[in-house]
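A.B. asks: If you want the building blocks of each chain, they are given just below.
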Amino acid sequence: MKSWLVPAASLLGAGWFFATAVILGVVVGRWADDRTGLEPTFTLVGIVVGLAVALIGGYRMLQPLMSRLGDEPPE
Amino acid sequence: MKIILFAVVVLAVLATGFIVAAGPEPHIVIPGEVVWKVGFMPITSTLMASWLAMAVLILGTFFMTRGMKLIPSGAQNFIESIIEFLYGQVEEIAGEKNARRFFPVVGTFFLFILVANWIALTPIFKSIGWTKDYGHEIFHEMQEKAEKGKVFDKKKHFLAWQVEDAGGVGLTQPGARTFKFEIHEGEDPADALDRYIVALAEFYTDFKPQADGAHGEGHADPADVEAAFAALQADPKAPKFINADDHAHEGGAEKHHGVTSHALGITFSALEFPGDKIALVYPFFRAAFSELNNTLALAIFAFLAIEFWGFQSLGFGYLGKFFINPLKNPILTFVGILELLSEFIRIISFSFRLFGNIFAGGVLLLILTFLVPFLAPLGIYGLEMFVGLIQAIVFSLLLLVFAVGAVEHHGGEDHEEGHGDGHHSGEGHADIHHLEQGAVQAH
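Chains B and Y are the protein sequences, given in the same order. Here the numbering used here is used: the first residue of the first sequence is 1, the next is one more, and so on. Here the numbering used here is used: the first residue of the second sequence is 1001, the next is one more, and so on.
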């Protein structure tokens, strides 16, 4: 009955998580670039790390959801 | 025909709204407005709102559960049904054993966020507060700079409303006008004062500046300043600049710093507003989670709770989720580090999600009330009630899901394919699982 609550919350959470992870990566990267003067290096590293965190963290967040949806009997 | 009639009625209501209830231009501030200062600690409007939410919850629970009975009725019944419903939800996700541990925290988060979001939609919010007198503040800025003999080093923008004095209480009436003034970067206080005199005269009297060309360069025309000053002096309700010499004659012991006007050559030491003031309302209450500090506090606490439960259940084995021996599996080591990062990113995503939703809702309401005073904001109020509920659900459910993830043993090597890393280990989950299998068999 209320089985939609958890998926809905997880999806809403995952969206923000993706965004935060990537943006934070870029922001930290830019900050590190400003400090060190190695202009694009850390920004690129930040983007890659942010994307990786978003991917892995998001996968972990959505995995129980996906496996549960997969388990559901076809109507 | 019906449609035309409907359209006419809607237009009439909107037009009435503009005539009767048009508000001043909204002023949007992101940090909470400081209501009081206790020692070094500023008490902001958002903090006041969270205290109000706490008071509502504590007093509500106290009065509704006084004289508890075994067979509940009335208010006690209401509270118990809420708690039972929430507990059922938590149990379904976390399992019976974990639910008893998680529920007090998760349930408190839910109720606190929900109440804080919903009371923010009541009319006392954002409407009652101190009036911050910008009319004087702008003059003080000039006084300070003139005293130090400096020019303004930063651009400053002021936006304030016409506030009437209603028996000692400042009142912003429908249709109140907005006063805007900008201090330019590198501007001399004397020049700023000239422009301020002109701006005040334009706002308070029907004075209109004559020279256009000089205005564009950020300097007021001397003739305009003189005319504006005369217009201000002539109108009894307009603000009065007090001449520094007159002030000295009145014999105040304190020394007043004057600002000399370029165009007039007179030094002014004070500014008085006999009629309407130019001020902004600094509300006592603003939606608690429309400030990042408050949502961040919740997020940090949620993070600590999750980590605490993780350590409580798994001991130091909990750290094994993040730090994996690179000799054993280098890829998992990397994944573990990223997972550690993602634990911390949760703090930020938790806080920004709640802050973003509530702040945006508040701004939307403010702007819409300004643009279309009647009817349209009603629908948005309904939407905001829904958003407040959804955000409370999302915050507490995510906290719960993360907590369940933190306390379960890491699947590691022996996890089943297709079932994730043992995410189903909660007892409640197992029950659902059985039920689902039963359903499959029944089909």
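Honestly, the hints are just simulated from the structure, not real lab data. Check before you lean on any hint, since a few could be wrong.
[To be verified] Here chain B is said to cover these stretches of chain Y; the calculated rule only asks that three of the stretch's residues, wherever they fall, bring their Cβ under 8 angstroms from a Cβ of chain B:
id, stretch
1, 1223 to 1230
2, 1390 to 1400
[Claimed, not checked] Facing chain B, according to a computed beta carbon distance under 7 angstroms, are these residues of chain Y, among others:
id, residue
3, Val1335
4, Leu1338
5, Ile1348
6, Arg1353
Note that CB positions come from ideal geometry on N, CA and C, so glycine has one too.
A.B. asks: Work down the list of hints and note, for each, if the structure agrees.
C.D. replies: Comparing the hints with the structure gives:
1. 1223 to 1230: violated (count 0)
2. 1390 to 1400: Holds, because 5 residues of the stretch 1390 to 1400 of chain Y bring their Cβ atoms closer than 8 angstroms to Cβ atoms of chain B.
3. Val1335: holds (6 angstroms)
4. Leu1338: holds (5 angstroms)
5. Ile1348: holds (5 angstroms)
6. Arg1353: Since the shortest Cβ distance to chain B is 4 angstroms, the answer is holds.
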